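Student: Produce the complete structure using the sequences and hints provided.
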Amino acid sequence: MTVKDGTKTLVNGTDYTVSYLDNKNVGTAEIIVTGIGQYSGTTSLTFEIIAKVDSMLGDVNGDGKINVTDITKVAVHIKGKKMLDDAVLQYADVNHDGKINVSDITKIAAHIKGKKLLF
30 MTVKDGTKTL VNGTDYTVSY LDNKNVGTAE IIVTGIGQYS GTTSLTFEII
80 AKVDSMLGDV NGDGKINVTD ITKVAVHIKG KKMLDDAVLQ YADVNHDGKI
130 NVSDITKIAA HIKGKKLLF
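The number in our numbering is simply the position in the sequence shown, starting from 1, with 29 added.
I should point out that these hints are in silico values taken from the structure, not numbers from a laboratory. Treat the numbers as computed from the prediction; the structure is a model and nothing was measured. Watch out, some of these pointers could steer you wrong.
[Claimed, not checked] The calculated DSS-like cross-link candidates involving lysine-lysine, where the alpha carbons are at most 30 Å apart (straight line), are:
1) Lys128 / Lys111
2) Lys136 / Lys102
3) Lys102 / Lys33
4) Lys108 / Lys53
5) Lys37 / Lys94
6) Lys144 / Lys128
7) Lys108 / Lys142
8) Lys111 / Lys53
9) Lys136 / Lys108
10) Lys33 / Lys53
Tutor: Now the structure itself:
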């Protein structure tokens with residue numbers, strides 16, 4: 030983490046201290062920065078800790094299987110109706126082109142049919 034005063038980068042322990050609340054378990058966590066020395070005041074930021082998804086390429090819903098449900102989730106994402114969580118995007122991008130699109134659906138379908146396995 031970098032804390033700045035304009036263009037000057039401040040030093041942890043000299044210019045500020047950092048503390049955390051609830052930062053070890055899934056859910057909302059908080060980071061608190063408090064000025065010390067020549068700096069005063071406190072600011073905080075909340076962030077989400079998400080569960081690790083144990084999944085494999087093509088297993089978009091994380092159930093341990095690659096099937097039509099995964100294709101459906103990718104299709105709904107592509108249409109913009111329900112976006113995939115950032116944590117699972119990597120499993121949907123089966124052709125590794127950095128985009129989630131019909132090419133990924135085609136590859137997942139080929140895997141399900143046994144024509145071309147993903148791994």
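Student: Check the hint pairing Lys136 with Lys108 against an upper bound of 30 Å on the C-alpha distance.
Tutor: 18 Å, holds
Student: Does the structure keep Lys108 and Lys53 at a Cα separation of 30 Å or less?
Tutor: 35 Å, violated
Student: Does the structure keep Lys102 and Lys33 at a Cα separation of 30 Å or less?
Tutor: 41 Å, violated
Student: Quick one, are Lys37 and Lys94 close enough, alpha carbons at most 30 Å?
Tutor: 51 Å, violated
Student: Hinted pair, alpha-carbon criterion (30 Å max): Lys108, Lys142. Please report holds or violated.
Tutor: It holds: about 24 Å lies between the C-alpha atoms, which stays within 30 Å.
Student: Below or equal to 30 Å on CA atoms is what counts here, so check Lys33 against Lys53.
Tutor: Distance ~26 Å between Lys33 and Lys53 Cα, so the pair holds.
Student: Sort out whether Lys102 lies within 30 Å of Lys136, counting only the CA atoms.
Tutor: 14 Å, holds
Student: Please work out if Lys144 and Lys128 have their alpha carbons no farther apart than 30 Å.
Tutor: Answer holds: Lys144 to Lys128 is near 23 Å, not above 30 Å.
Student: Taking 30 Å as the top limit, are the C-alpha atoms of Lys128 and Lys111 close enough?
Tutor: Cα-Cα ~16 Å, so holds.
Student: Could you grab the alpha-carbon distance between Lys111 and Lys53 and see if it respects the 30 Å cut-off?
Tutor: 28 Å, holds
Comparing the model with each earlier hint shows violations of hints 3, 4 and 5; every other hint is respected.
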